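**Student:** The chain contents come next:
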Amino acid sequence: MADTETLGQVLGDQEHQAAYIFDPAPEAPVSARPAKRGRISKKHAAQSEKPKEKHTHHFQPLLNGLESNECLQLRQDAFLKSWSRVQDRIDGVLRETNQSTLEAVTAFIKECTVEMTDSRIPSALIITGANMASQSLLFEQLSGSLQARAGAKVVLLRSGDASNLKAALRKIILEVVANPSDAGEEQTSLSITMYVHGKRYLNYDLEALRSHLALRPSPHVIVAFQDSEAFETGLLTDLILLFSSWLDRIPFKLLFGVATSVELFQARLLKSTCQLLYGRQFDVEQADTIVEKIFKTAVAHVDAPLRIGPVSLQMVLSRQRDQAAGIPVFVSSLKYAYMCHFYTNPFSILLADNAPQVALQAEHLEVARSLSSFRNHVEASLHGKAVSHVQSLLDDDDYLNRQVQMQLLSSRSWVCRSLRTLQILMCHQGHASKFTQLYVDLLSQGVDGLDQLPDFVNSMRRMDPAEMMSLLNQIVAIIQDGDSNMGLQGCKGESVPSVTLLSGIVTEIQTLCREAEDAGSTLRSEYSGQNKIMRTTVIAQKVQLSHDAATLTPQDKSYTRLVEEAIAHVEALLKCERAEDVWLHEAWLYDFKTPYREVFMPRPRSVVQRALLRPHDYLACSCCNSSKDQIMPTLPATAILYHLYLETGSLINVADLWTAFFGIVSEDEADGLDERTALVMFYRALSEMRVLGFVKPSRKKVDHIAKLAWL
Amino acid sequence: MAPRRKAASPEPAKATPVRQSTRKRPAAKIEEPSNEADNDKAAQASPAKRPRGRPTAVSKLQNGASQKKSIYDVPSDDDDAVGVGGSNKDKAETHVGDEEEEAAATTPKRKLKTSASPVKASAGKNITTPSRATRFTNGETPQWRRNDRSARKKSAMALIERVVAGDASDEDEQEELAQEIYNSSQDEDEEEEELEEGVEGKTQEVDESKAAAASPSKKPRGRQKKDKEPKQKGRTCKKSPTPPRDLPPYELYFAQNRPGAAKTSSNTLASLELLTHEEYFSILHQHKEHHAGDIEYLQSWHTENFAQWPLLHKFAKFLYDETPDHESSKIVIINGYVRSTSIREMLGTIASAVEPSHRLPAGNPSVMLESLKALLSSHDINITIIINSIDAVPLRRAGTQTILAQLASHPQIQLICSADTPDFSLLWDSGVRSAFDFVFHDCTTFAPFTVEIDVVDDVHELLGRKARRVGGKEGVTYVLRSLPENAKNLFRLLVTEVLMAIDEEGMSGGENPGVEYRILYNKAVEEFICSSEMAFRTLLKEFHDHQMITSRKDVLGTELLSLPFRREELEAILEDLMA
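If you're matching them up, the sequences are chains A and B in order.
In this text, residue positions in the first sequence follow my numbering: the first is 1, and each later residue adds one.
In this text, residue positions in the second sequence follow my numbering: the first is 712, and each later residue adds one.
Just to be clear, a hint being listed does not mean it is correct.
In silico lysine-lysine, DSBU-like type, Cα no more than 35 Å apart, as pairs [unchecked claim]: (1) B:Lys864 x A:Lys335; (2) A:Lys81 x A:Lys293; (3) A:Lys700 x B:Lys864; (4) A:Lys696 x B:Lys864.
These are calculated hints, taken from the structure and not from any lab test.
All values reported here derive from a predicted model rather than from experimental measurement.
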């Protein structure tokens, strides 16, 4: 064990240097090593043994290890392929989203060369919003596009990089002088930082930059302050002043990432400083919208091989909201779901491109028969008296295999159906909820007719003819054209009946409208609000209010009929079962809570707390588990101390703590510790409490420590 | 019980400990309603160190057993309840049962005579109102009520000022007095409330059992010893000092940090011989961890799971994915807990892992990072960085974490790290966190921090003892290893001299005899350890910084240098240095 080491041994050891290269080549005897090191080397051993076969298979065989190598390989390839496709789409979205901003900023920078009139520094104020994580992506894109399209030299400054004026200037000069645009000379230019033009300069002297630019002229030198709020105001002011005084020699342009608002940004600077800036505001698409776009292309998209289930999605989305996580976090959450699915689910091979040719192993089919969705399917089939179908499913492997393949295809139509349903629900104006939320609801609950959507029905009934027509037209458009964002194709062939029916209704409404217009009245249905006429009668000095149904014209009556018809048709369209009700959803639906939560939203505090409060949860020992709420002397010393710690006030008397501790550990007659050993344990526990950040020294009283954590 | 109560009620001026009085008051109240004010006064008077109190016969009798404890003068009367022990063992004995504890609780009167340091007495007088003399004759006048209130106000002010001014330990006594006044009048308020609620029916016994129940240490086993902690609080009976367990953490925080909440006994570790490094390690060496097997099992369980990790870490950028042959992937291990860990060293090591001959240009870490990135992209290599304790103190600087995050986000770098503290995630803002792109695993190992912390020094620092002193032989060896040769020689010289001085003069008052500064310097020059006094002082400064030497002036003003180690330690050090 590690604790048998003495300090002397430890100090002599190379492995406790601050940093070293771990070279496992001379494999040291693992067993002789202390725990910490053993862990590392074991880990490495585990890795180094594998490369030979791991080289081809990173995944572990499933189905109790019976999975064949082909399936394993297929699973792995399926993962790589499907994820890379999703990744490509996400990248595309990311590129597009900032495109308009990029263009606008580039244009501004370009045009400003001309209209740089009254010696003010052209500056672009980019309103990025509070999401810091997505800022860096934007600025990298900006820097790339400005370099490529405006021939500019761009320096990205983060508040962490530039603590003072000198550091900031040094970084700016270094970056410009060693700009990768002249990549070949990178090494040399690094070394001549001090010697520009044969002269020696201090590395924070802008004169160096000027002489460098004299050699290699560049139309713009752009300094981007990524997180302008985090910069010290004084530093920012100094830099702006300096840039402005050099403006006649160096073509400075500034970019400011502003998380709050231009007004606040302005308020932070002196008026005189502000006047040195020629600013323009640029808005960036907010992270929320980008997430929704990515959601549509990567999660909801028809071609997304894996459906991420409502539970997982809800967790990802709420993390996005609660932790203000950036886009990359969202993407990696998705990737993690993909990885877990392909890593752990033998049926994920069905998502491979050449799935139809895959012969499922007997084990696969065996597992397929025990799936809960299979059971549901069988039960449903039996209700439908399809006994022979069930018989074959259970007995005939080939039949099952074929059915599985067919089922996969039909699952695709389920996806289309659900997306279309979603679209129709979305075009309903009054629907306040966002697309993502609607999607999650749909997956988890499904839609079965309009009974579940009273709002939808009510608002449709109350619509005036114009609204109704536009809604119906939208629905028709959705069915006919699909949605390119989600890869939803127009299903002209399949849904012709509903399209003709709906467009028929639209034309009828149009005629009715015209007739009503001719008759000098407005068309309305019996559900619309205006058809109730409020009468106010004064009877015996009391006001009597009464509602009367206004008389409906024949046109109104037929319009009402049309509305009812339309609702019925729409209802027919809005049918989609829950994802979990689809047979074989296990192959393409990933919906688990467990690994995600632990892996992305760790709760280190409660983990540490649990380990200290109930070590037997981890150690699986019987001695420490006491049903009663008492401190067992067998607990690890730190755990005992932690129990005592919980009972103390904000100031802890170490003498009393020690007495209590000793009382507990010495209690046991047989195994009780003697005083000095107990003291050693006490020391160790106390120092560990300190490392964990629970206590700190206190000068209030002798031998007292202060409590730091209230868990 | 009953006799004691009688003793308490007719003689209110006797300084009854707050705790005791609060317990009994409801009962006393019924019998003698007019007593309330008196009792209040009793509570009020207690902080003033009972100048007027006379021990009653009853209490004297009862106190016989624990007489000797009273020599401890402790300002807070809760100590009475606790029974201030001369040593830890004494304490343990006094708490064997409630009965004895009660006996201890009635002891305060003795203190009146014996102890009560003048400072406290006068301080108490200052704080208590001038109308006190009259108070006892006509106790219930509204005026004293007012005065009492104002005293309370004043003490509250004093407390607030203290908190604002920060903690200066010399004012502790003052503070405690103020605290007591504040608490006692609070008690009295509470009691009034309680009376209104009609708790009268309760006998004292019931109350006591309630108090026992309310005390947090419900565990029967650890009970007797632990009782001390909670029972130190002034108002144990009414409000348990440790609030109920199920309070949410923030409530607990406020409950424990409210003024007057932090009351602890004045026991010290004076009687305990603290551990030295040697003793610590030798005992630790022999000690067999009770859970060793379980911990090992846990360890192996984690190890089994490692197989999945490469996949989960860094998202399918498998460790050996693009570069199947082992040569092109290297592992760099960084020990964050090593105090000398610096970001430059880390970057340098990583660079040399990429290309052994390469030397990163020293400079600003962010510049180094840039050139490291350039170096990486020109090589086809994968680096796995394993950081032990990414949340260790040396790595906690924000700049370091930013650099690490940027490093981790490089496509050719994989990062595996361990975190030890529960609050490690506070190190990262959302930008850094997303650059790290962590995947977390709960790997509680229960392995003790053997190399990460220097237990003995840490504990002593925590206790405010001998902070920063290099510990024992190992510590000295450790420091000397990083010092130049002549420093070692000088230290050897000094050890020899001191050992000789010990042989000649013997120990004086627990301290080693000193060596004259001049003499040592001359000898050092003779042995070519240093050539100038300047150099000599520089070397000494280094020792002094690590508190390896002590210096004092004797009566004549000569500077004497010595070493703060025991003779055996010195011999061991000398042996080590000669080897």
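**Student:** Check the hint pairing lysine 696 of chain A with lysine 864 of chain B against an upper bound of 35 Å on the C-alpha distance.
**Tutor:** holds (31 Å)
**Student:** Holds or violated: lysine 700 of chain A and lysine 864 of chain B, Cα atoms, limit 35 Å.
**Tutor:** holds (23 Å)
**Student:** Decide if the proposed pair is consistent with the structure: lysine 81 of chain A and lysine 293 of chain A, CA atoms, cutoff 35 Å inclusive.
**Tutor:** Answer holds: lysine 81 of chain A to lysine 293 of chain A is near 22 Å, not above 35 Å.
**Student:** Is the straight-line distance between the alpha-carbon of lysine 864 of chain B and that of lysine 335 of chain A 35 Å or less?
**Tutor:** violated (62 Å)
Of the hints listed earlier, the one the structure fails to meet is number 1.
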